[in-house]
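Visitor: Below, each chain spelled out in residue letters.
Protein chains: 2
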Amino acid sequence: MDICARDLRDHVLKMASLVEASLSGSLNLDKTMEDIFDLEKKINEFHMLIDDACFKYIALKSPTAKDLRTAIAVMKINADLERMGDQSVKIKRHQITIGREILQLKNMALEVNLMVKNALDSFVRSNTFLATDVIHHDQEINAMNRDIVRDYINKIKNNEIGFDEGYSIIKISKNLERIGDHAKNIAEDVIFLESGSDIRHNPEYKTGKKE
Amino acid sequence: MDICARDLRDHVLKMASLVEASLSGSLNLDKTMEDIFDLEKKINEFHMLIDDACFKYIALKSPTAKDLRTAIAVMKINADLERMGDQSVKIKRHQITIGREILQLKNMALEVNLMVKNALDSFVRSNTFLATDVIHHDQEINAMNRDIVRDYINKIKNNEIGFDEGYSIIKISKNLERIGDHAKNIAEDVIFLESGSDIRHNPEYKTGKKE
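Chains A and B are the protein sequences, given in the same order. Count the first sequence with my numbering and you get residues 16 to 226, in order. Count the second sequence with my numbering and you get residues 16 to 226, in order.
Hints in this document: simulated from the structure, not taken from any laboratory. All figures in this text were calculated on a predicted structure; none of them were measured in a lab. Keep in mind that the hints are not guaranteed to be accurate.
Repeated chains share a single entry, so a pair holds when one copy, or any two copies, can fit it.
Stated by the list, open to error - Listed below are the simulated DSBU-like cross-link pairs for lysine-lysine, each with C-alpha atoms no more than 30 Å apart in a straight line:
(1) K189 / K121
(2) K46 / K91
(3) K76 / K57
(4) K76 / K186
(5) K46 / K81
(6) K91 / K132
(7) K81 / K186
(8) K186 / K105
(9) K46 / K57
(10) K71 / K170
(11) K71 / K172
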């Protein structure tokens, strides 16, 4: 087997396209639970295939510097993508309970899907500025989640919505917020990959604001 | 720097002792939010230190076979331990809302802490039987979570408990269930480390029952 760092990057892109399909399908009323399960199965297969390819690449090529950072970043991005697939399954379950479109969730999902797209673009284009932007964007997603959770807790308390529907809306909001966290993790991995700097747990990056 | 695979293992044990302190403190009424934040800060420092040590070890020593699997497993275990620390913070916040001991949560936490301890023991003792046991134990934790969530949703609906308290109990149960998932991930990493087999997404392991 002759594998190179570029092959690892290509694997991530194939995995990402499955995950993006799963995310956009999770709130789409035309997609069924079965559709999302089918995607999850493929995502899980890719998850193992990519980890195996990274292991073999490191074992056989003994990469250093940026090539080693690529292999390690790909393993981490792979883990985050797989978890996004799990979140999609959870979202679909709750969306079926709700059975109709909720505007606040739709808007939040658009923002989250953009964040995921940008995180992956920052990886493809080795763009640390875009990656930094994704990290800041996470603050907005967290605020959207807080608003939705607060609104729907109040609606449940005031009997303006049934418990089961309100609870499912809150859960979807939380799942979307988690997907945003995974996108942020990917952006942090891109910065490590490109610069060698580990900026996780760095409050300066986390509290940054977009201009 | 002369680092060996044993040093990586020692790092994990130090990180694990911080995480175990954080987990046991999260539901302990005598521990404050500040106590858990202090532990989280140390856990985050270790998180970066361990990833850096693994990277340097792979770059400088070009390990193969079990030594490489150790470095990769340590990176993954490190990530799961860090997330357990995050879950502890979330649990503490909800425990403060509740302000009293809830027997079902206490019992579930005992089971989860045992699962975490066994996952780490399986790593220390290179014991794949114990690791397999941890993976099966996760089914029981999931069942405990389902029971608590169902019970407290009913209590909220029937006005037997205030919404905020009931909601916090449900959230703690979910956080404990997530910690169980992370312990299961560690057990899967131990099996990969010791055998070279990737058993993730393998239904045979997941549905196994303890004798």
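Visitor: Each hint needs a verdict: does it hold in this structure or not?
Guide: Okay, the hints, checked on the actual structure:
no. : hint        : in the structure
1   : K189 / K121 : both (13 Å within a copy, 25 Å between copies)
2   : K46 / K91   : within (29 Å within a copy, 33 Å between copies)
3   : K76 / K57   : within (28 Å within a copy, 35 Å between copies)
4   : K76 / K186  : neither (44 Å within a copy, 45 Å between copies)
5   : K46 / K81   : neither (40 Å within a copy, 44 Å between copies)
6   : K91 / K132  : both (17 Å within a copy, 25 Å between copies)
7   : K81 / K186  : neither (39 Å within a copy, 41 Å between copies)
8   : K186 / K105 : both (9 Å within a copy, 16 Å between copies)
9   : K46 / K57   : within (16 Å within a copy, 44 Å between copies)
10  : K71 / K170  : neither (53 Å within a copy, 52 Å between copies)
11  : K71 / K172  : neither (55 Å within a copy, 53 Å between copies)
When held up to the earlier numbered hints, the structure conflicts with 4, 5, 7, 10 and 11 and fits the remainder.
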